[in-house]
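Participant: All chains should be built: construct the whole structure from the sequences, respecting the hints.
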Amino acid sequence: SQTIHQWPATLVQPVGSPLSLECTVEGTSNPNLYWYRQAAGRGLQLLFYSIGIDQISSEVPQNLSASRPQDRQFILSSKKLLLSDSGFYLCAWGRGTGELFFGEGSRLTVL
Amino acid sequence: AQSVTQLDSQVPVFEEAPVELRCNYSSSVSVYLFWYVQYPNQGLQLLLKYLSGSTLVKSINGFEAEFNKSQTSFHLRKPSVHISDTAEYFCAVSGDNYGQNFVFGPGTRLSVLP
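Protein chains in written order, with our numbering: chain A, 1 to 111; chain B, 1001 to 1114.
Hints in this document: simulated from the structure, not taken from any laboratory.
FRET-style restraints, in silico, Cβ to Cβ: (1) B:PRO1040 - A:PRO8: 15 to 21 angstroms; (2) B:SER1026 - A:GLN55: 26 to 32 angstroms; (3) B:ASN1101 - A:GLY27: 21 to 27 angstroms; (4) A:GLN13 - B:PRO1040: 21 to 27 angstroms; (5) B:SER1059 - A:GLN2: 18 to 24 angstroms; (6) A:LYS79 - B:GLN1042: 25 to 31 angstroms.
Far from chain A, some chain B residues (derived; all Cβ distances over 12 angstroms): (7) ALA1017; (8) SER1111; (9) VAL1112.
For every residue, glycine included, the Cβ atom is placed at its ideal position computed from N, Cα and C.
Facilitator: Written as structure tokens, this is what we have:
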């Protein structure tokens, strides 16, 4: 069966510090991978999606970036965090039936 | 372009009462429809989906949703809710088999009161 792991689960970072959130999928190959952000009291915002290694599309201009160094690994990064980057970050993978499967999320608080 | 509307941002309901969470979508192509549930501080879990076939789909915990093409709706219903159903519910639409055009609604917070 397929599983998706996301870490760290929570982190508190000062403004201007770097960020790295990691997501790994097991039990499938060549998945579509996604990063979403969920701000407090708001819906899901698609940040990045990837259909393959080094094939990443950005949906929202921001100071975040994504990389996919391996088929089943998806990393969300920032060189300098802003207060507005606080939120709940969700990684997901998708397959041919169109549905998405989500990780447990990473809660980021920028102070 | 696709879009999803969930008119009710919050729905309070008493335990054992019925509930309906509304979802309407717009799309120029055939769609796949989904309901996801999110419990506090957790990721989203697939509740049920419509891909093709019977327009009435059911989950293992008593929820059901009906795809209505003429009304472009996919409302979620449960005849009797439990305290444990308290969560955020997201309706979503995908326009192809690859999930690249996956669009979520803004969510409805269901609060089940004792």
